[in-house]
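S.K.: Here are the chains, one letter per residue:
Protein chains: 2
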Amino acid sequence: MTTPVLDPAALTPTQARLRFRGGLAVPTAGWSAGYAQANLVAVPREIAYDLLLFAQRNPKPCPVLDVLDPGAVSGPILDGDVRTDLPRYRVFVDGELVDEPTDVTAWWREDLVSLLVGCSFTFEHALLEAGVPVRHVEQAVNVPMYRTSRRCRSAGAVSGPLVVSMRPVPAAQVADAVRITSRYPAVHGAPVHVGDPGLLGIADLARPDYGDAVRLEPGDVPVFWACGVTPQAAVVESRPSLAITHAPGHMLVTDARDSAYLVP
Amino acid sequence: MTTPVLDPAALTPTQARLRFRGGLAVPTAGWSAGYAQANLVAVPREIAYDLLLFAQRNPKPCPVLDVLDPGAVSGPILDGDVRTDLPRYRVFVDGELVDEPTDVTAWWREDLVSLLVGCSFTFEHALLEAGVPVRHVEQAVNVPMYRTSRRCRSAGAVSGPLVVSMRPVPAAQVADAVRITSRYPAVHGAPVHVGDPGLLGIADLARPDYGDAVRLEPGDVPVFWACGVTPQAAVVESRPSLAITHAPGHMLVTDARDSAYLVP
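These protein sequence lines are chains A and B, in that order.
Residues in the first sequence are numbered from 1 upward in steps of one, following the working numbering.
Residues in the second sequence are numbered from 1001 upward in steps of one, following the working numbering.
If you're looking for bench data, these hints aren't it; they were derived computationally from the structure.
Don't be surprised by glycine CBs; every beta carbon is placed ideally from N, CA and C.
One or more of the hints may lead you astray.
Said to hold, decoys possible - Listed next, with one range per pair, are the computed distances between beta-carbon atoms:
{"hint": "1", "chain 1": "A", "residue 1": "Arg257", "chain 2": "B", "residue 2": "Lys1060", "range": "15 to 25 Å"}
{"hint": "2", "chain 1": "A", "residue 1": "Val178", "chain 2": "B", "residue 2": "Gly1201", "range": "42 to 52 Å"}
{"hint": "3", "chain 1": "A", "residue 1": "Val26", "chain 2": "B", "residue 2": "Arg1207", "range": "51 to 61 Å"}
{"hint": "4", "chain 1": "A", "residue 1": "Gly23", "chain 2": "B", "residue 2": "Glu1096", "range": "29 to 39 Å"}
{"hint": "5", "chain 1": "B", "residue 1": "Leu1262", "chain 2": "A", "residue 2": "Asp176", "range": "17 to 27 Å"}
{"hint": "6", "chain 1": "A", "residue 1": "Glu110", "chain 2": "B", "residue 2": "Gly1219", "range": "52 to 62 Å"}
{"hint": "7", "chain 1": "A", "residue 1": "Val178", "chain 2": "B", "residue 2": "Val1026", "range": "54 to 64 Å"}
What the hints assert, rightly or not - Pulled from the structure, derived: some chain B residues nowhere near chain A, Cβ distances all over 10 Å:
{"hint": "8", "residue": "Leu1006"}
{"hint": "9", "residue": "Gly1034"}
{"hint": "10", "residue": "Tyr1049"}
{"hint": "11", "residue": "Asp1069"}
{"hint": "12", "residue": "Pro1185"}
{"hint": "13", "residue": "Gly1219"}
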């Protein structure tokens, strides 16, 4: 008897979330093909306005897919439990990282408001279908993410740097990557930068601030997309009493279809 | 010596706003061609979160172009003064309409947060350029707006009906109108309904809830777009201590270009 091979892409969102609820803690790139993935930032109601306004003012890194009511753990695009259904979380107390659990039930509070923010993993299926390679999936590592020298527009107590994800793209396919991803504005859309990382204040591509380094193949150009870790970085800078986020790359798999965020 | 004829379409946003600041109180359809117009809803900071979340949850009627800081009267898309630069306002105290002045300086408070919400006047230039007639401009009346039987998704204390604007479109050009306006998602985008007003709970097109009735020409079909009066109607239902809005059809002419809201 052979053990069935897990094909993460073929799992429904519910099946994927049940595995994560069971403790599986892996990056979610490539999981549940055709379904949107989301960044999580949960903060006390008292700073939720500043965070929501920050997102509104910085729509490229912070495209809001949904906001749950205070204390709510599910919603229209999540028929599950936001406290248990992500592979891994980060917990910040007064802006300090204190825990990276696979379940945040013990940390939950009734005043927490969860923002679900679009994730660029959503458009990776479209890139692959168009023949544009996704190196971090090929290399089975987490996508590399970098804090840049660009500041976001601030909102009340919330301010921070633009965080970007990077995908190496063959030079001849950069235009395809731009064209395809620009059709998904709700999940970061077109790249914010193509080429020289130094212009974004990134000193060394081999040392990402989040996720893993990815190898560029000969002829690849580094292409940078705004990243949903941006609101996480900004919230942490504002040092709220409690903030709960996904661990970078370990996203919420939602019940919303990728196609719901595709513009005509 | 002849009096120079005013061509509202040719005025810059600053020129237009100066006229309104001077007391001119007319609907703004057709003014400052190429520049985006905005709905105004200013509410006390304490309910701004619910209003911003309401907008996020109902992006078709409430596409947020910008949110000013508490007490602020200008911002990135308004090099002017939100208290004086609209042709006419509405002032609501505890949800009751108490004043319709052309200047709200006397009503202003330092805790007021101004939401600037996209307006469908923005895409009317694109319709005209494509040869799609805009009947209310032809007939020199305000656009007709209707409260529908559809409810918006609520957010905290803020809930209300979907409000729509209606433009009669020749049957052969309805497809053009859909195609053109769908390229402007930040200013209401594609129509929410084409045809029978009864299906939206509108009993009589000749009696709009806001604005003026407009005459359908033979062969015209009524086409309905989500309207930025929606957040105004919802805020009023929530009965805040104070709310200041534009008078329907009497919009803020912003410094943002229409083209900034055009998707590729």
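S.K.: Please go over all the hints and tell whether each is borne out by the structure.
M.R.: Hint-by-hint comparison with the structure:
| no. | hint | verdict |
| --- | --- | --- |
| 1 | Arg257/A / Lys1060/B: 15 to 25 Å | 18 Å, holds |
| 2 | Val178/A / Gly1201/B: 42 to 52 Å | 44 Å, holds |
| 3 | Val26/A / Arg1207/B: 51 to 61 Å | 60 Å, holds |
| 4 | Gly23/A / Glu1096/B: 29 to 39 Å | 56 Å, violated |
| 5 | Leu1262/B / Asp176/A: 17 to 27 Å | 22 Å, holds |
| 6 | Glu110/A / Gly1219/B: 52 to 62 Å | 58 Å, holds |
| 7 | Val178/A / Val1026/B: 54 to 64 Å | 43 Å, violated |
| 8 | Leu1006 | 36 Å, holds |
| 9 | Gly1034 | 22 Å, holds |
| 10 | Tyr1049 | 4 Å, violated |
| 11 | Asp1069 | 8 Å, violated |
| 12 | Pro1185 | 7 Å, violated |
| 13 | Gly1219 | 27 Å, holds |
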